[in-house]
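Asks: Letter by letter, the chains look like this.
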Amino acid sequence: MTVKEQCENVKRMSGTDVRKCMKCGKCSGRCPAFHEMDIKPHQFVSLLAQGRIEELLKSEAIWSCLSCMACVERCPRAVAPAAVIEAVRDTVIRAQGANGMKAEDIPPMVDELIPQQLLMSAYRKYNK
Amino acid sequence: MYRIKKTDLNALYAAIAKTSGLFIPIRRADEVNFAVWGEGKEVSLETLKTVKSPKNAFFPQTENMMKFKTEGKSVEVVDIRTEDKRPFVVFGVKACDVKAFEVLDRVFLAEPVDTFYQSRRNAITVVSLACSRPEESCFCTAFGIDPTAPEGDVTTWLDGEYLYWRANNQKGEALTEKLASLLEKCGEEAVEAQRSQTKEILKRLPLAALDLSRFKEENLNELFNDPRWAELSEACLGCGACTFVCPTCQCFDIRDFKTNSGVIRYRCWDSCMYSDFTLMAHGNSRTTQMQRYRQRFMHKLVYYPAQNGGLYSCVGCGRCVNKCPQNLNIVKVIKTLGGEKS
Amino acid sequence: MQRIGVFICWCGSNIAATVDVERVADAVKKDQGVVYSATYQYMCSENGQQLIKNAIKEHSLTGIVVGSCSPRMHEATFRKTAEAAGLNSYMVEIANIREHCSWIHKDREEATEKAIILVRTAIAKVNLNAPLSAGESPVIKRALVIGGGIAGIQAALDIAEAGFEVDIVEKNATIGGRMAQIDKTFPTLDCSACILTPKMVDCAQNEKIDILSYSEVEEVKGFVGNFSVKIKRKARFVDEKKCTGCKLCMEKCPSKKGLDEFNMKLNKRPAIYIPFAQAIPNVAVIDPEQCIKLKTGKCGLCQKVCGAGAIDYTQKDEYIERGYGAIVVATGFKPIELNAFNEFGYSENQDVITSLELERIMNAAGPTNGVLLRPSDGEHPKVITFIQCVGSRDTSGCGKPYCSKICCMYTAKHAMLIREKYPDTEVHVFYIDVRTPGKNYDEFFRRAVEQYGVDYIKGMVGKVYNENGKLMVQGSNLIDNEQVLIESDLVVLAAAIEPEPSVRKIATLLTASIDTNNFLTESHAKLRPVESPTAGVYLAGVCQGPKDIPETVSQASACAAKVIGLLVKDKLKTNPCVASANETMCNGCSQCASVCPYGAITYVEKELRVDGKTELRRIASVNPAVCQGCGACTVTCPSGAMDLKGFSSKQIMSEVEEICKR
Amino acid sequence: MQEITTKEGFVPNIVAFCCNWCSYAGADLAGSSRLSYPANVKIIRVPCSCRVNPMFVLKAFQRGADGVIICGCHPGDCHYVTGNYYTRRRMAMLFSFLDYLGIERDRTRLEWVSAAEGAKFSAVMNDFVAKVTALGENKKLSDLRVKEGE
Amino acid sequence: MKEVESKMLERAKVLLESGEVARVIGWRKGAFCHDPEPASFESVDELKDFVYDYFCGANLSKYLIAESKKEGKTAVFLKPCDTYSFNQLVKEHRINREKIHVIAVECMAKLDIGKIKAKGLSAVTGVEVDGEQVKVQTLYGEAVLSKTEIVLAKCATCNKTHQVKDEEIVLHERPVRDVNRFAEVEALEQMTAEERFKFWREQLSKCIRCNACRNVCPACSCIKCVFDNPQSGVAAKANDDKFEEQLFHIIRAYHVAGRCTDCGECSRVCPQGIPLHLLNRKFIKDIDETYGEFQAGESAEGKTPLTEYRESDLEPKDVLKEGK
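Chains as they are written, first to last, in our numbering: chain B, 1 to 128; chain A, 129 to 470; chain C, 471 to 1132; chain H, 1133 to 1282; chain G, 1283 to 1606.
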């Protein structure tokens, strides 16, 4: 796949129109994992818009994103940075060719103290 | 009497078409209407009732009459009539429709003669076809018509594998002669058997006992003023379906069509059901649908017979019975105002 | 039968070089209705016009066709020519054989043929033309201004200045509007009240101006020049003529728990009150929801103390009806509700305030007498964070998709004023873009940064939360690609502005169109920005779109100029090319009214005689004074009852027929 | 059923409806800029594109026009505020319907041409004429009686 | 159906006897088993001929334009599909709603006598419906037909429900049909333009200009139709195998676009069996797909798709989808 196709693919997967972004930075302002991320949420949108997908695919931030969707919730332009991050992550996982986490792995992990969201988030994160 | 195998009919049509035009029931887009025959067209003689009657063979729905050519401020009248002198055969006309020709003739061939109609009428040979499977809406017998032996220049019957053929007059003989090679001589047994069988069914038709005796000139005022017209006509939409499928309706309108170089004057069927029928400068002579409705049936059952020696201008074909969108029809009028024989 | 004259212009060589004008004139000589045809070098010249006039008289012409340049150029000229010769000006049609023919075609044969067709098309139309005359309608020489803010005040003053009577209808107890609530104005830092209140007083003192405060428009009938408006005068329970504004009642009123709307509900006020010291009219009003007397029948203290005997608990809403020639809508704006933005904690934290609230806090007549104290504990805030674009440029559905236009400037103003008065205060401003077009605006903003050291952070705040009594403002700093956390004492939100909600009802009453954001639509975005598409209705201030004070004042004055231009006329000439319904064919189905952009169509029950019977029918009736002649209704009408004069269906179809002859 | 045979060197006849405020002025500008387009385009001036009744379009085809184009102000720029929005819906529905009846879709067109777009007007007309020329004569909707006796 | 009929008759009697209404609009028995006619009953006596059976397909709503102008109230029996036309006419101020008492009646799909005859059955004397089976007696013998095959075209795809009712007589629930009413339109859209043209040419050249479609159509309620009005520029009466029928049907379809409730009466009444509803359905389908689903007659208020607009509406060239 060419870089351009890869970009288009990520845009399609994320369902987000990156051109709607007005570069306010509210997503990064809200992000609880900001300091853990090498590429910040707003940069995901900006880099994707510029077609710099290779940098995104190498990013460590796709693993530090919590998928809390706060950025999606707060974006005044209905852009979804978390969806972009997720799409990039899925692209990486798919390229690796295996699910990091399977549905049957989950039941043993469930204990009363684990927040359900965490499991959901992990499942989202490690599956293609 | 002659006969021809049904499977050979196409050859018969082709033979007729060689020397004259052939107007015959043809199925097109699921409906059967009289139309000019041509190779590959689907003829349907079995169809009991074509949607439109064959009257448009000599009284077409639309017909150009003349043209006014304008040049600057001068107007030239151009006779654009193309008199088709070629003989024409109208094939497969049912008894009721044959009778209807007589009704039309009395109008168009009486003085002043309608020459458009006349020229076509003279050129036409009518080949009629007897009915063997009348349906519930048929009531030609009420008008003294025998559907098993229709009039016409030639009468035909469809029975079994054959079409039976009998010439009734000189015109018919002439046609028969032309087709002699295709027809074989035969006896009348099959036809007679079919006729008596059909007559049995005719007796059992629900409208067999329609009583027309009250529709006479002397009852004109009484009938005209009958309050039940209101009830009879109240569902009438004022469309012209009944008049356009009717074999005896003869009203037309004359209109102009603006062309690039003048005006074409044409006539087209009109309907007494329409609000602009016989519209005059002062307005309309009949302003309510009841009046229009009454006019149509009074004309068929009272006015026309009064002027034509008692001949009703309804032939009981039942097309209006079948085609009225709201199921109004002449039968209901006859039953209500005429009384029914018990 | 028409007697038509055809006049083919050479336009020097502009037409004649490509089109054989003589052949054109000759070709149509025998056409239907044509009795005269001629050519001339310049038909629009004095001599050319004389030729037309002479022909009209000599040949008793009933219609003329001029084959010349575009009708957009000389239609008016030739109409006047015809008029001067006693021919109705609408019996003139132009065949455009220059722009649409000679100028674009090179082949002389081809161009001549086309010119003949174009002239014939015009002849075909003229054959069906009928004389039209512009109707007249009288003009009521009084204007109505809806809304008593700075826009309404300015418009009213300008109209009154020209000698016309003006009524201001204001729904609040005083005029003054939003500007009265503002402390200082940018970029000059003038005291807002100091420049506004004299204008309010001027209004009150102007004999031509009648201020109908505490009133609302209830019903509008009529059309340009001739509106009839029903106005509700809400019961204020105080006789406006008697009240002296002494405020004794306010002191004595035992019910003091009302929220002071003027001060953005930051403090309390009595049940009987005057909104602010410089209110016009300076008359008290009783809040019926709060007044003990009105609610329980007991108390009546204010009545006892009122020396003027102005208190009247029995007052009822009253309705008055007045006629107007023109209406100015100046209904203004309000900041949006911020409940949907819980990330900024506006509802939870008293110290998260809107800019308009800050405006009151900074105002000497405000709840803190002008001392910057935070609402929660009355302490001086040491760190203040401003957040811009709260709800503006927001397409997520929570806010407004547009830029509110004024926030960048007032935020700079606030930051600057705070830094000036309280230099020890730290001021941060989160911004997405700083937009400062306008005279001295960017200079003003730069001063806030350069001279007053306001910290502008390019980025947006993601959340504001309370931690140990401190407001933690977490946002991004895009320049440094950092997330910052600012411990603040006060957070000020630049809330988006939206049209005052009552404008919806007003727009419906006036049949004035309104856009998806509830801003009133102007007749033309560039060329008619202060006129509503509804004739006789004008738009001033934020009700038409976000704008600041100078722009509002300009627009108000522009409105006034338009209104004056209308009111100086004794009668209005109406466009004769208007729609009209054929009564006998109209079904009364209302489809035409639903597409009319001007509300020109109403329905009447009318007795018609049809076919000798009388019938009561619902029939469309077009007001020719309001109809602008677009023809939208004519196409919607299935029966063809609705037609457009001057462009009738028959005329257009005859043109089509002629062209198709080729 | 009628038969029309296409003549050699076919030149279509085009009826163009132009709104007075934008497109007619655009056509004027095309003229004053000497931007040529074929002479077989003839313009009918209407106050607004919303004055164009689908019946006019059909009338033109009946009388033998080979193409009909309607031009109005750009959406949002209508002199009468909303007229062209109605036109857009009306014509979208009419054109799609004609297509459904088997009428060539390139015979009809709606274009927005502002008073400043003389060049666009000329380009649109050139393109439209080319497309209609390629289609040949309007055989499906024209009424042969119109040309009777010519 | 007999049960429903007797309930209807009972209500009609009560309404007339009590003077609550001046007349009841329903159906009157015809000459055969299959030709009831719309009728107005003004007294209990007249009700002796009242009928409600499988052949009462006519839409009674258009009659109410005239009825609501008469003195007193009019009660009317409306089938689900009829109520849409009723609403549309109320919306267009053609019917005075206050003067009409709507009795919503059950409809289990109506039969098409034409389709029965097309099965080769002639001289029909009796029809009995038993669930899915229809027993037909004729003078030439008996036959059993499947009901689905002989219902009116308009009933075959109908899932309409009563939109208006002042009271209702519904004893059975009608099963929801799993059909795509646009299937025929889609099939046409799939054809090439030439095929479509041929199809419509064949169909429309059957037209005899009798105006039955127009006169029965509840949306065609114009006091003066453009085709009857010499001033309109399109008036025409001729049935000419050239252009006029096309012009007539195109203009008619356009005039009712956005207002047509798809009641199917045009196709029911056409004496030449032209599938006229396919013209109107094309507009309905285009409107649904382009401007959002819209069912005319669902409400007696609001604008119709062609009298409103959105700034984001598609351009005509984008509405025309690439076919073959």
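Hint data in this document are derived by calculation from the structure and do not stem from the laboratory.
Glycine residues also receive a C-beta, built at the ideal position from the N, C-alpha and C atoms.
There could be a bad hint or two in this list.
Under the rule of at most 27 Å between Cα atoms (straight-line distance), these lysine-lysine pairs were calculated in the DSS-like manner [claimed, not checked]: (1) G:Lys1480 - A:Lys169; (2) B:Lys23 - C:Lys875; (3) B:Lys20 - B:Lys4; (4) C:Lys1083 - G:Lys1480; (5) A:Lys197 - H:Lys1279.
Computed Cβ-Cβ distance ranges for the label pairs, DEER-style [stated by the list, open to error]: (6) C:Thr1084 - G:Glu1466: 26 to 32 Å; (7) C:Lys691 - A:His410: 37 to 43 Å; (8) G:Glu1449 - C:Lys1041: 54 to 60 Å; (9) G:Glu1477 - A:His410: 48 to 54 Å; (10) C:Ser483 - G:His1375: 56 to 62 Å; (11) C:Lys852 - B:Lys23: 27 to 33 Å.
Asks: State the violated hints by number, sorted upward, taking the hints as numbered earlier in the document.
Replies: Of the numbered hints, 4, 6 do not hold.
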